[in-house]
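J.: The chain contents come next:
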Amino acid sequence: MKVNTRKIQKLNTRKKIIETAYKVFSEKGFSVPSSIIAKEAGVSHGSIFAHFPTINDLLVSLLSDFGDKMGARLHVLAKKTDSVENLLKEHLKVLKEYETFYSRLISEINILPDEAKNTFAIIQSTVAFHFASVIECEIEKGTVKKLPIHMLFNTWLGLVHYYLLNKDFFSESNESVIERYSSELLSTYLNLIKNERRVYE
Amino acid sequence: MKTCIACGMPMEDIADFAANDPSKDYCIYCSRPDGEMQSFEEKKESFTKFLVMTQGFDENVARKIAEGMMRKLPSWEKYFD
Ligand SMILES: [Zn+2]
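Protein sequence lines correspond, in order, to chains E and G.
Under UniProt numbering, think of the first position of the first sequence as 1, with each following residue one higher.
Under UniProt numbering, think of the first position of the second sequence as 1, with each following residue one higher.
Read the hints as simulated data drawn from the structure, not as lab findings.
Warning: the hint list may mix true and false statements.
Said to hold, decoys possible - Ranges of calculated distance between the beta carbons of each label pair, as one might list FRET restraints:
1) Val32(E) <-> Lys72(G): 20 to 30 Å
2) Asp57(E) <-> Met1(G): 43 to 53 Å
3) Pro53(E) <-> Glu36(G): 19 to 29 Å
4) Cys137(E) <-> Pro22(G): 38 to 48 Å
5) Ile14(G) <-> Asn191(E): 31 to 41 Å
What the hints assert, rightly or not - Capping the alpha-carbon separation at 16 Å, the derived lysine to aspartate or glutamate pairs in EDC-like fashion look like this:
6) Lys72(G) <-> Glu99(E)
7) Lys72(G) <-> Asp65(E)
8) Lys2(G) <-> Glu99(E)
9) Lys167(E) <-> Glu99(E)
10) Lys79(E) <-> Glu12(G)
11) Lys79(E) <-> Glu67(G)
12) Lys117(E) <-> Asp81(G)
Where is the CB? At the ideal position from N, CA and C, for every residue including glycine.
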């Protein structure tokens, strides 16, 4: 089979731009001009436009790539998980891996264009999907309080996001907030949502 | 790994596929009880309901997100021209 080198080259450049944008956005936020991304990636400014006509196109592609990666990881991990505790542990692990980018994303989500916002909602829906299937099971078994699923989910995200958004208060240096607080966040949340263990006579 | 053409979910295990049939290109959640793939409207409504149920979104907002997600998937492209 004939290998189309130009096509491969084009794909490589695209990948390079996305990877660089991921890094630059993580460090500097989403309003960085595309010229800076071009410079960092070592490609011409025109090449960015050839791949992504607008910065919004770049952002949306980057987010869906990010969502696919995060989704695939979670999907594999959630498969092996039978308790909400283990699922949330895995969720924290994945968040820790993408912590800088994810924190930037949740802190700037409201100023991003609608398409990017929607892509973010779809990323969360992958998490919500696994969360719902595990927690419904636990509610049925009586190990978790019978509360609406969306409130259980949003309470968890609210807690984790609060720490990520206020990182400067919760850690002094560049250490990972997730790393430092994950066991406290997890045990507190579980304490709030779990039913008291029934004592049988 | 195959991903569902109707919702994008990765399908690894047989149980992920519609009717437990790995030759199918869509997942268990995108199929009807008889194993056929859901229609555009059915999928849009079920995904909207899912967003409301699991994340508590406003229903109209959720419907727009559902449309935005479907726009990017091979099965539904033709509905967005
Ligand atoms: Zn599907």
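J.: Does each hint fit the structure? Answer for all of them.
T.: To see whether the hints hold, each was checked on the structure:
As the Cβ distance of Val32(E) to Lys72(G) is approximately 25 Å, the hint placing it in 20 to 30 Å holds. Checked against the hint of 43 to 53 Å, the C-beta distance between Asp57(E) and Met1(G) comes to roughly 26 Å, which is inconsistent with it. The given range of 19 to 29 Å is broken by Pro53(E) and Glu36(G), whose C-beta atoms sit roughly 38 Å from each other. Checked against the hint of 38 to 48 Å, the C-beta distance between Cys137(E) and Pro22(G) comes to roughly 25 Å, which is inconsistent with it.
One distance hint, 31 to 41 Å for the beta-carbon pair Ile14(G) and Asn191(E), holds here, with the actual separation near 38 Å. Among the hinted pairs, Lys72(G) with Glu99(E) is inconsistent with the structure: their alpha-carbon atoms are about 27 Å apart, more than 16 Å. Between Lys72(G) and Asp65(E) the CA atoms are separated by roughly 13 Å; this keeps the pair inside 16 Å, and the hint holds. At roughly 28 Å between alpha-carbon atoms, Lys2(G) and Glu99(E) are farther apart than 16 Å, so this suggested pair is violated.
Restraint check for Lys167(E) and Glu99(E): the C-alpha separation of about 11 Å stays at or below 16 Å, so the hint holds. For a cut-off of 16 Å, the pair hint linking Lys79(E) to Glu12(G) stands: about 10 Å separates their Cα positions. A threshold of 16 Å between alpha carbons decides the hint, and for Lys79(E) with Glu67(G) the separation of about 27 Å lies outside it, so the pair is violated. With a CA separation close to 22 Å, the supplied pair Lys117(E) and Asp81(G) exceeds the 16 Å bound.
Of the hints listed earlier, those the structure fails to meet are numbers 2, 3, 4, 6, 8, 11, 12, in rising order.
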